[in-house]
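Visitor: Sequence:
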Amino acid sequence: MPTRQGSADGAEQRGLRTRVDSAKVAGRASAEAAVAAAPGPDGSLAAPPDLTAAAFFDVDNTMMMGASLFHFARGLAARKFLTATDLAGFAWQQLKFRVGGRENQQDMQASREQALSFVAGRKVSELVELSEEIYDELMADRIWAGTRALAQMHLDAGQRVWLVTATPVELAQIIARRLGLTGALGTVAENANGVYTGRLVGEMLHGRAKAHAVRALAASEGLDLRRCTAYSDSANDIPMLSVVGTAVAVNPDQRLRDIARTRGWEIRDFRTGRKAARIGLNSMLGASAIAGAIAAGLAYRHRDRS
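Residue numbers (full-length UniProt numbering): 1 to 306.
Honestly, the hints are just simulated from the structure, not real lab data. Any given hint might turn out to be false.
[Stated by the list, open to error] EDC-like, lysine to aspartate or glutamate: derived pairs with alpha carbons at most 20 Å apart:
| no. | residue 1 | residue 2 |
| --- | --- | --- |
| 1 | K80 | E132 |
| 2 | K80 | E137 |
| 3 | K80 | D136 |
| 4 | K24 | D136 |
| 5 | K80 | E126 |
| 6 | K123 | E133 |
| 7 | K80 | D156 |
| 8 | K24 | D269 |
| 9 | K80 | E129 |
| 10 | K123 | E190 |
[What the hints assert, rightly or not] Cβ pair distances, simulated, as ranges:
| no. | residue 1 | residue 2 | range |
| --- | --- | --- | --- |
| 11 | G121 | D50 | 37 to 47 Å |
| 12 | D50 | A149 | 10 to 20 Å |
| 13 | K80 | D156 | 41 to 51 Å |
| 14 | R261 | A149 | 21 to 31 Å |
| 15 | Q152 | I267 | 15 to 25 Å |
| 16 | A219 | G158 | 32 to 42 Å |
| 17 | V195 | A157 | 40 to 50 Å |
| 18 | E126 | R263 | 16 to 26 Å |
| 19 | E266 | G180 | 15 to 25 Å |
| 20 | V35 | G180 | 32 to 42 Å |
| 21 | E132 | T262 | 33 to 43 Å |
| 22 | G264 | T52 | 22 to 32 Å |
Every residue, glycine too, gets a C-beta built ideally from N, C-alpha and C.
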């Protein structure tokens, strides 16, 4: 008869296998969506194509200042797709990430539930159109020039360049297209006849799921991962950074900086001390302002009912 500890260990192992399987499903789905959406070769590369090498860039705080999903949520809130409470939730998660420098599984699950709550029942075409508008309004001027130059370096060498992000794949592909990159690996939300069902295919493209997506894309496109390069700011992306031949820490959090030094990975930091402090302060002020607005709104409603 199994002991209580043995049963607990077995349950933990089953849970781990489920998470790994879910990450693999998410990775494969993201790779399939990326290949389907990416344009074919058009002869525009500055150098002869290097078909077995590619570069993979994280988006949030690597290619773009701040979190793309938070900027997206701000744009949706301005269009009344989200409530002030929804946006405050995004702001709080962004603030925790800024101050703590890490994400955790509980936060990722909360982000997943929030994301699904506002896309369920909406048309894919509607979200794509909104993504185009919101990119222009809130994201275009937040691209790190230094990281963009690194991506261009790979393009000039004839290599393909892919974004890899937990952001919805539709938004990720728009960011990639606007930057002149090959395409994007992102979180795939299930849709039926062009309408979101409120379920993800696998899970959010985060942590190990990113590594699975990169492997799946490499297998599909004939890439030699030993000749590929990956860029990220977060220790959460160590699985992705570890599957390629060259890993680069960009604007790294402290844990990734320490690991990069230990493993001999290159470190690129495009932030000045003043800029890093300003970005963090803006996030905190933004969260405070949103919280204040909600409190004021609740107080007004309470007074109105009195």
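Visitor: All hints are to be evaluated individually against the structure, with a verdict given for each.
Guide: For each hint, the structure was consulted:
1. K80 / E132: Holds - the C-alpha atoms of E132 and K80 are around 17 Å apart, at most 20 Å.
2. K80 / E137: 16 Å, holds
3. K80 / D136: Given that 20 Å is the threshold and the Cα spacing comes to 18 Å, the pair holds.
4. K24 / D136: Answer violated: K24 to D136 is near 33 Å, above 20 Å.
5. K80 / E126: 14 Å, holds
6. K123 / E133: Status holds; Cα separation ~16 Å.
7. K80 / D156: Roughly 42 Å between the alpha carbons, so the hint for K80 and D156 is violated.
8. K24 / D269: 31 Å, violated
9. K80 / E129: 15 Å, holds
10. K123 / E190: 11 Å, holds
11. G121 / D50: 37 to 47 Å: 43 Å, holds
12. D50 / A149: 10 to 20 Å: For D50 and A149 the Cβ distance comes to about 18 Å; the hint holds.
13. K80 / D156: 41 to 51 Å: Holds: the Cβ-Cβ distance is about 43 Å, inside 41 to 51 Å.
14. R261 / A149: 21 to 31 Å: 23 Å, holds
15. Q152 / I267: 15 to 25 Å: Hint holds: Cβ distance 20 Å, inside 15 to 25 Å.
16. A219 / G158: 32 to 42 Å: 21 Å, violated
17. V195 / A157: 40 to 50 Å: Given about 41 Å between the Cβ atoms, the range holds.
18. E126 / R263: 16 to 26 Å: Once the Cβ atoms are compared, 44 Å apart, the range 16 to 26 Å for R263 and E126 is violated.
19. E266 / G180: 15 to 25 Å: 23 Å, holds
20. V35 / G180: 32 to 42 Å: Given about 18 Å between the Cβ atoms, the range is violated.
21. E132 / T262: 33 to 43 Å: 42 Å, holds
22. G264 / T52: 22 to 32 Å: Given range 22 to 32 Å: holds, Cβ gap about 23 Å.
In terms of the numbered hints stated before, the structure departs from hints 4, 7, 8, 16, 18 and 20, listed from lowest to highest.
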